[in-house]
Amino acid sequence: MMYFIELSQFSAEDHAITQTLREQMGRRERNTTHWIEWKGDHSSESFWPDVTLVNAARLDWRQLKSIVDQCRADTIVLAGRNDSMLSLPTLPHIASLCDLLPHMPAHGSMSEAFVDFNHVDLAYDDASDFAVEDITLQARRGEFIAVVGPSGCGKSTFMKLATGLKAPTRGSVSVGGESVTGPLKCVGMAFQAPSLLPWRTTLDNVLLPLEIVQPYRANFKRDRQQYVARGMQLLKTVGLDGYATHYPWQLSGGMQQRASICRALIHEPKMLLLDEPFGALDAFTREELWCMLRELWAVQQFNVILVTHDLREAAFLADTIYVMSKRPGRIIARRENPLPQARDLEVTYTKPFADLVHELREHIGRVRDS
Amino acid sequence: MKKRITRKLAPWLAFAVLLVVWQAACSYFSVSEFIFPSPLEVARSMVDYAGPIAGHALRTFWVTIAGFAIAVGVGVLLGALIGSFPALHAALYPLFTAFNALPKAAFVPILVVWVGIGVGPAILTAFLISFFPIMVNVATGLATVEPELEDVLRVLGARRIDVLLKVGLPRSLPYFFASLKVAITLAFVGSNVSEMTASNEGIGYLLVSASASMRMPLAFAGLATIGAMAMALYQLFAFIEMRTTAWAHRGRGTH
Numbered sequence: 044m045m046y047f048i049e050l051s052q053f054s055a056e057d058h059a060i061t062q063t064l065r066e067q068m069g070r071r072e073r074n075t076t077h078w079i080e081w082k083g084d085h086s087s088e089s090f091w092p093d094v095t096l097v098n099a100a101r102l103d104w105r106q107l108k109s110i111v112d113q114c115r116a117d118t119i120v121l122a123g124r125n126d127s128m129l130s131l132p133t134l135p136h137i138a139s140l141c142d143l144l145p146h147m148p149a150h151g152s153m154s155e156a157f158v159d160f161n162h163v164d165l166a167y168d169d170a171s172d173f174a175v176e177d178i179t180l181q182a183r184r185g186e187f188i189a190v191v192g193p194s195g196c197g198k199s200t201f202m203k204l205a206t207g208l209k210a211p212t213r214g215s216v217s218v219g220g221e222s223v224t225g226p227l228k229c230v231g232m233a234f235q236a237p238s239l240l241p242w243r244t245t246l247d248n249v250l251l252p253l254e255i256v257q258p259y260r261a262n263f264k265r266d267r268q269q270y271v272a273r274g275m276q277l278l279k280t281v282g283l284d285g286y287a288t289h290y291p292w293q294l295s296g297g298m299q300q301r302a303s304i305c306r307a308l309i310h311e312p313k314m315l316l317l318d319e320p321f322g323a324l325d326a327f328t329r330e331e332l333w334c335m336l337r338e339l340w341a342v343q344q345f346n347v348i349l350v351t352h353d354l355r356e357a358a359f360l361a362d363t364i365y366v367m368s369k370r371p372g373r374i375i376a377r378r379e380n381p382l383p384q385a386r387d388l389e390v391t392y393t394k395p396f397a398d399l400v401h402e403l404r405e406h407i408g409r410v411r412d413s
Numbered sequence: 003m004k005k006r007i008t009r010k011l012a013p014w015l016a017f018a019v020l021l022v023v024w025q026a027a028c029s030y031f032s033v034s035e036f037i038f039p040s041p042l043e044v045a046r047s048m049v050d051y052a053g054p055i056a057g058h059a060l061r062t063f064w065v066t067i068a069g070f071a072i073a074v075g076v077g078v079l080l081g082a083l084i085g086s087f088p089a090l091h092a093a094l095y096p097l098f099t100a101f102n103a104l105p106k107a108a109f110v111p112i113l114v115v116w117v118g119i120g121v122g123p124a125i126l127t128a129f130l131i132s133f134f135p136i137m138v139n140v141a142t143g144l145a146t147v148e149p150e151l152e153d154v155l156r157v158l159g160a161r162r163i164d165v166l167l168k169v170g171l172p173r174s175l176p177y178f179f180a181s182l183k184v185a186i187t188l189a190f191v192g193s194n195v196s197e198m199t200a201s202n203e204g205i206g207y208l209l210v211s212a213s214a215s216m217r218m219p220l221a222f223a224g225l226a227t228i229g230a231m232a233m234a235l236y237q238l239f240a241f242i243e244m245r246t247t248a249w250a251h252r253g254r255g256t257h
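Chains as they are written, first to last, in this note's numbering: chain A, 44 to 413; chain B, 3 to 257.
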């Protein structure tokens with residue numbers, strides 16, 4: 044089914060069109076299952092989207108037809124000026140994407156997990172015992188999950204499995220329906236240490252993934268200005284736009300960590316992995332960064348896997364919390380977060396929140412004493 | 003401000019004191035100019051023979067630079083290979099260390115047989131003697147890159163060469179520049195040793211012929227010229243180092 048959205052301003056910039064359409068969509072519902080894929084002048088990964096948006100502004104009928112034939116989606120929306128649609132058969136017009144979504148059937152991929160760990164074990168090469176054992180978990184698309192546990196329980200090992208840096212000894216890991224056999228490019232990662240390269244400015248550090256990951260890498264010279272704009276935009280959302288030309292050692296720990304998270308998001312990954320990213324920061328900076336992360340997630344709706352030892356952090360941010368046991372790490376508890384999303388810091392002082400943290404604490408306590 | 007000026011002038015002051023003491027000792031003990039010329043005699047010799055000294059000095063200079071340039075290229079390449087592949091490290095490192103232990107002066111006759119007298123052995127000796135520190139430092143720099151920095155790229159699916167070019171080599175620059183400062187002095191040693199036994203030009207040749215004709219002040223003048231050239235290049239590399247690797251030296255109270 045094809046539709047047409049007319050944009051009042053002619054813009055050849057993919058970025059501007061995406062921005063306009065994003066604004067049209069407004070704030071997405073937490074449980075939305077519809078996935079939108081942007082097909083502009085570049086090819087992009089497709090995770091079985093429900094709706095494909097095509098920038099029709101610069102394309103002729105033949106090009107449009109070939110893109111449309113390639114699309115796997117059931118619904119295709121062409122966006123552009125009226126002139127570009129003149130050679131096409133008349134299409135139904137819609138005013139905005141919001142009009143469209145409620146009428147679409149729930150996509151089959153809702154029941155499919157986006158992240159799927161299936162009875163995964165991992166032993167490091169020389170060790171005879173396992174670092175993690177029998178890890179089974181699924182995450183929906185756009186879900187925020189937190190993994191908590193005592194030190195040394197294998198949380199970082201779990202992260203390495205999720206990123207593909209280590210292959211499981213037994214079992215399988217799949218992300219987006221595809222088996223993980225090596226590092227993925229649709230994933231961004233931030234570590235406990237910001238690990239910014241000290242010989243590059245903050246902005247250059249944030250742009251680093253675009254120099255590595257295709258298709259950005261191939262177009263780097265050509266699209267550099269666009270990328271710089273994107274980088275500055277991200278830095279602005281975290282409040283670092285004034286520090287773009289500073290070097291990492293001129294920034295405080297909290298600022299470096301913010302830059303590190305921007306770096307993890309610059310290539311628009313479908314999943315963000317955070318390995319105790321706020322562990323080295325003071326309490327106030329930590330709360331600030333929780334809110335920043337929550338904002339970024341609310342707008343872009345990527346999956347997040349957050350590994351942390353801070354129970355309040357997990358309870359504040361996550362949709363689902365998993366508790367891991369001592370080495371060999373196993374998932375011993377799974378808790379859906381009962382508090383409604385779009386939480387602000389005030390909620391951390393309410394009784395339901397305290398109860399949740401208490402419950403998690405009891406799980407951990409049992410683990411540590413066992 | 004005053005402290006900085008004093009610090010900059012200090013080596014010159016020390017040098018001046020050295021000259022004064024040297025001159026005083028020579029005059030007081032009436033040391034013969036054949037044994038140990040005084041600074042005045044050396045200076046007079048420099049003035050008298052300015053032309054030849056300049057000619058030989060130029061020749062030594064460009065021969066050394068040529069050998070040094072090859073050493074940098076080869077040193078960085080080998081260092082990158084050895085630092086990136088532990089298998090190569092285990093295999094080649096002991097061989098190179100053994101090679102380095104051989105006195106390069108002993109190589110000169112062999113090189114003469116291969117490439118003839120003159121420029122060839124001088125450049126090659128300079129190269130052979132000076133590539134080793136560069137190779138070692140680059141390899142060490144690469145082998146000691148923090149895994150966290152590499153993980154940042156690996157997680158994105160970067161190839162090995164990407165990690166090398168974007169993280170490994172920049173991270174190793176401080177080590178590289180440190181080795182350059184050592185290698186340039188060694189390169190001068192190499193070219194001189196070769197010129198002394200297998201050349202008709204260059205400061206090495208000047209030293210040998212001056213000693214043979216008992217013109218010790220001239221010989222000392224030649225030595226002083228080499229010292230000055232080596233110092234100048236050393237300072238040049240130190241300057242470039244400060245400019246390009248400021249990020250590594252930030253703990254030194256420069257801000």
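Bear in mind the hints are in silico, worked out from the structure with no lab data behind them. Certain hints may be false.
Calculated lysine to aspartate or glutamate pairs in the EDC-like style (CA-CA distance at most 20 angstroms, straight line) [said to hold, decoys possible]:
{"hint": "1", "chain 1": "B", "residue 1": "Lys168", "chain 2": "A", "residue 2": "Glu254"}
{"hint": "2", "chain 1": "A", "residue 1": "Lys394", "chain 2": "A", "residue 2": "Asp353"}
{"hint": "3", "chain 1": "A", "residue 1": "Lys209", "chain 2": "A", "residue 2": "Asp164"}
{"hint": "4", "chain 1": "A", "residue 1": "Lys198", "chain 2": "A", "residue 2": "Asp353"}
{"hint": "5", "chain 1": "A", "residue 1": "Lys209", "chain 2": "B", "residue 2": "Glu150"}
{"hint": "6", "chain 1": "A", "residue 1": "Lys203", "chain 2": "B", "residue 2": "Glu148"}
{"hint": "7", "chain 1": "A", "residue 1": "Lys209", "chain 2": "B", "residue 2": "Glu148"}
{"hint": "8", "chain 1": "A", "residue 1": "Lys203", "chain 2": "B", "residue 2": "Glu243"}
{"hint": "9", "chain 1": "A", "residue 1": "Lys369", "chain 2": "A", "residue 2": "Glu319"}
{"hint": "10", "chain 1": "A", "residue 1": "Lys203", "chain 2": "A", "residue 2": "Glu319"}
{"hint": "11", "chain 1": "A", "residue 1": "Lys209", "chain 2": "B", "residue 2": "Glu243"}
{"hint": "12", "chain 1": "A", "residue 1": "Lys369", "chain 2": "A", "residue 2": "Glu389"}
{"hint": "13", "chain 1": "B", "residue 1": "Lys168", "chain 2": "A", "residue 2": "Asp247"}
{"hint": "14", "chain 1": "A", "residue 1": "Lys264", "chain 2": "B", "residue 2": "Glu150"}
{"hint": "15", "chain 1": "A", "residue 1": "Lys198", "chain 2": "B", "residue 2": "Glu150"}
{"hint": "16", "chain 1": "B", "residue 1": "Lys183", "chain 2": "B", "residue 2": "Glu243"}
{"hint": "17", "chain 1": "A", "residue 1": "Lys203", "chain 2": "A", "residue 2": "Asp247"}
{"hint": "18", "chain 1": "A", "residue 1": "Lys198", "chain 2": "A", "residue 2": "Glu254"}
{"hint": "19", "chain 1": "A", "residue 1": "Lys203", "chain 2": "B", "residue 2": "Glu152"}
Counterexamples of contact, computed for chain B against chain A with all Cβ distances above 10 angstroms [as the list claims (entries may be wrong)]:
{"hint": "20", "residue": "Ala12"}
{"hint": "21", "residue": "Val33"}
{"hint": "22", "residue": "Phe36"}
{"hint": "23", "residue": "Phe109"}
To give a feel for the contact side, a few chain A residues facing chain B, derived at Cβ under 10 angstroms [stated by the list, open to error]:
{"hint": "24", "residue": "Thr179"}
{"hint": "25", "residue": "Thr206"}
{"hint": "26", "residue": "Ala210"}
{"hint": "27", "residue": "Trp242"}
{"hint": "28", "residue": "Leu316"}
{"hint": "29", "residue": "Ala326"}
{"hint": "30", "residue": "Thr328"}
{"hint": "31", "residue": "Leu332"}
{"hint": "32", "residue": "Glu402"}
We treat Cβ as the ideally placed atom computed from N, Cα and C, and that holds for glycine.
Results for each hint:
| no. | hint | in the structure |
| --- | --- | --- |
| 1 | B:Lys168 x A:Glu254 | holds (10 angstroms) |
| 2 | A:Lys394 x A:Asp353 | holds (18 angstroms) |
| 3 | A:Lys209 x A:Asp164 | holds (11 angstroms) |
| 4 | A:Lys198 x A:Asp353 | holds (13 angstroms) |
| 5 | A:Lys209 x B:Glu150 | holds (15 angstroms) |
| 6 | A:Lys203 x B:Glu148 | holds (17 angstroms) |
| 7 | A:Lys209 x B:Glu148 | holds (18 angstroms) |
| 8 | A:Lys203 x B:Glu243 | violated (37 angstroms) |
| 9 | A:Lys369 x A:Glu319 | holds (17 angstroms) |
| 10 | A:Lys203 x A:Glu319 | holds (13 angstroms) |
| 11 | A:Lys209 x B:Glu243 | violated (38 angstroms) |
| 12 | A:Lys369 x A:Glu389 | violated (32 angstroms) |
| 13 | B:Lys168 x A:Asp247 | holds (12 angstroms) |
| 14 | A:Lys264 x B:Glu150 | violated (28 angstroms) |
| 15 | A:Lys198 x B:Glu150 | holds (16 angstroms) |
| 16 | B:Lys183 x B:Glu243 | holds (10 angstroms) |
| 17 | A:Lys203 x A:Asp247 | violated (26 angstroms) |
| 18 | A:Lys198 x A:Glu254 | violated (29 angstroms) |
| 19 | A:Lys203 x B:Glu152 | holds (14 angstroms) |
| 20 | Ala12 | holds (30 angstroms) |
| 21 | Val33 | holds (53 angstroms) |
| 22 | Phe36 | holds (55 angstroms) |
| 23 | Phe109 | holds (38 angstroms) |
| 24 | Thr179 | violated (24 angstroms) |
| 25 | Thr206 | holds (5 angstroms) |
| 26 | Ala210 | violated (14 angstroms) |
| 27 | Trp242 | holds (5 angstroms) |
| 28 | Leu316 | holds (8 angstroms) |
| 29 | Ala326 | violated (24 angstroms) |
| 30 | Thr328 | violated (21 angstroms) |
| 31 | Leu332 | violated (19 angstroms) |
| 32 | Glu402 | violated (33 angstroms) |
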